[in-house]
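Participant: As a plain string of letters, each chain reads:
Protein chains: 2
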Amino acid sequence: MTVAEKTIKMKIDSPAMAATSEETRNRALKKVKEALIENKEIIFKANAEDLKAAEEEGVGQAVKKRLKFDENKLAAVTEGIEQLIGLKDPIGRTLLKRELDEGLVLTRISVPIGVIGVIFEARPDALVQISSLCIKSGNCAVLKGGRETARTNKVLFDIIHEAAKEAHLPENCLFQVEAHSQIDELLSCDKSVDLLIPRGSNAFVRYIMNNTKIPVMGHADGVCHVYIDKSADIDKAIKIIVDAKTQYTAACNAAETLLVHEGIAEEFLKKAAVKLSDAGVKLRGNSRVSQIIECEKMEDDEYKTEYLDLVLSVKIVADENEAITHINTFGSHHTDAIVTEDDEAAEIFMQMVDSAGVYRNCSTRFADGFRYGFGAEVGISTSKLHARGPVGLDGLVTYKYRLCGNGHIVGDYASGAKQFNFKDIDA
Amino acid sequence: MTVAEKTIKMKIDSPAMAATSEETRNRALKKVKEALIENKEIIFKANAEDLKAAEEEGVGQAVKKRLKFDENKLAAVTEGIEQLIGLKDPIGRTLLKRELDEGLVLTRISVPIGVIGVIFEARPDALVQISSLCIKSGNCAVLKGGRETARTNKVLFDIIHEAAKEAHLPENCLFQVEAHSQIDELLSCDKSVDLLIPRGSNAFVRYIMNNTKIPVMGHADGVCHVYIDKSADIDKAIKIIVDAKTQYTAACNAAETLLVHEGIAEEFLKKAAVKLSDAGVKLRGNSRVSQIIECEKMEDDEYKTEYLDLVLSVKIVADENEAITHINTFGSHHTDAIVTEDDEAAEIFMQMVDSAGVYRNCSTRFADGFRYGFGAEVGISTSKLHARGPVGLDGLVTYKYRLCGNGHIVGDYASGAKQFNFKDIDA
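Which chain is which? The protein sequence lines are W and P, in order. What the first sequence shows, in our numbering, is residues 34 to 460, in sequence order. What the second sequence shows, in our numbering, is residues 34 to 460, in sequence order.
Each hint should be verified, as a subset may be incorrect.
Pairs involving identical chains hold if they fit within one copy or between any two copies, as the list cannot separate such chains.
BS3-like, lysine-lysine: derived pairs with alpha carbons at most 25 Å apart [to be verified]:
(1) Lys-224 to Lys-246
(2) Lys-187 to Lys-98
(3) Lys-451 to Lys-269
(4) Lys-97 to Lys-330
(5) Lys-64 to Lys-308
(6) Lys-78 to Lys-106
Everything labelled a hint here was simulated from the structure, so no lab data went into it.
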């Protein structure tokens, strides 16, 4: 069956998936958890083969760590499923209840989005998390994981799909796309897929965004800034920029640019350069920066660069307004922080910076669904529509309006025979 | 200045617009209202010229009614502005407040979307409503109205823009695109325009959706259904389908297809055909329908047709499931109604039909922001992301996350030195 044919079947099954009870969906999650534990040796075996192939291709230590699925990862994903089971049902919630007139009652009810396609990096735990989130939220999911863990993914997917069917979820609630070449086919399924969530490199996400009519949720760039205000506590500022730059350089929420108020630049930059250099960070700056610290020269138009590496752009700004304008112009509207002890400066920054996350006196690395207490995340969105920032269960639902009457017609209201009489009812 | 240059300026001004106080925005609305009343003769004069030109082009009576801006329309829009002033501020609301750990507090705050482009039909009152909604919600707005009311629009826009500036809203909060040829330029401004709301013909909206990278909110088709269940009250059913089809045929929420359960088809169709025919409706149906009533023959693949006229497709279905599948396949996910006295049938229909509005025993024509009690609407969305159904102020806002710490870094949590300790705080 082609991807197009399969997603049409999923679209047809999606109202039945949306209609499953909370109990059924939680039972399915419990079965998924148990099946993963029961079949762990098969999973580990497939993962060993993936790891061996990766080794032969000569992948680095950091990548191998992500590819690996062992007892620890199993424990983490099963604990995640247990947490998900405990979360409040995201669907079937009454978001508004209003009598429009006698006997004519409007309700707004949260419902699943329908069919969601998720394209994610080579991390077997991601496959478990994403399918669990979709089951919990009553969505049908098309999954495409990274090539390097194809064997592990296949085993994991079969176990999860089998458990879901045993719990009486619709047959077509889950589907795995295995070949990279099928991604383009998936992108053309705008009649049957309601939402795409691509995760991965900037170029890959941008490719997805530019080649589909399906709404896309996610982010391409993560050009995050830390701005050191003239009223910053220098020790705090150094701790924060070192963490934001070095704690995990490959993450989208890692800092790429350090902005410094000219009133504190000399003192701060001299101290910070030592600490950043100790942490292995290579600094780049324009000519003004290079007058204070040793750094690689860069041009002003390079401030849009996302390094995802131990490299940091540095710029001195005349005041907070220049910092805000720089961030809104050169940034990616992801997560940006100010370090300051001045409440007013903090308030202006957080108001005027147009990003999904605006932080004060903490590291940009906190931008993450788990750290926000969402239990899990499907990704981070830099779009302003639907969900913004880290996206948990809330981002996987929409709503529908129900209107119940007793023969009510608009003609009576247009003619003036009847009048609306809005009365909100506690939901 | 080109549209691209202007929208870049609006994007730069948008954080300042977002930062305006509720008081300032309400004061601006009050000034807009007063200025419209003060300058009404100038507006009426421009409108008379538009009407004269339309007359010369030979437009119909219904269109002229829409183009006209008189004392009644002025009273309606100024009353609308007064209502908007009274509505709760949609921005600056705390949607979530959570302590992640001691001294590290996350808040989710509603904020304007930024720069919104609205392309709307030739109705001067729409220009006033849309600009008022954008002012209330702190958004910058690019407005493009229909050509036939260009003179009225220009006068209205200048009055509104002047009043907004007098109230100290940013200079670039409003901008009017006057030439139809500039629409394509606007579509290319995906770096500076955050959202497009096109209203108008199916072909026009589809053109917009297919020719921009800017997120689009709205609907192309409105293929709405009324399904008459076997347990329907026939009198109610006839009243509802006549209203849904004829009360305003040009509206997107008018019914285009009548589905009838075979168990009630003979009795219902014979009675309904008389009433629909009395109301001037031409019926079309497949061969099964034509065995019961006189109608124009149609093929099954024509059931996707949006007539926007006194024409109605009719189909007999074997049961409720066939009705649901028909609606989910041939419909446009806008608004669909069941007429039934059977609670269980109603519940299944409303659960399984995948549309923005699912109705029981009332006309599809109720799908409208005013009738839902939203005070005003910018349009109706058939997308499942962001806003669905009639869109009022709620659909013009997004949110941002604020995180305030005191030197908090992720390294401490990754190493286990600190643990998250989530505590929701009443907002």
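Participant: Determine for every hint whether it applies to the structure shown.
Facilitator: To see whether the hints hold, each was checked on the structure:
1. In this assembly of identical chains, the alpha carbons of Lys-224 and Lys-246 lie at most 25 Å apart whether taken from the same copy (9 Å) or from different copies (18 Å).
2. In this homomeric assembly, Lys-187 and Lys-98 come within 25 Å of each other (Cα to Cα) only inside a single copy, at 19 Å, whereas the closest approach across copies is 62 Å.
3. Proximity of Lys-451 and Lys-269 under a CA criterion of 25 Å is satisfied inter-copy only: 17 Å between copies versus 65 Å inside one chain copy.
4. With identical chains, the CA atoms of Lys-97 and Lys-330 are never at most 25 Å apart, being 34 Å at best within one copy and 65 Å at best between copies.
5. In this homomeric assembly, Lys-64 and Lys-308 never come within 25 Å of each other (Cα to Cα): the closest approach is 49 Å inside a single copy and 56 Å across copies.
6. Taking identical chains as interchangeable, the C-alpha atoms of Lys-78 and Lys-106 lie at most 25 Å apart only when both belong to the same chain, with a minimum of 14 Å there against 73 Å between chains.
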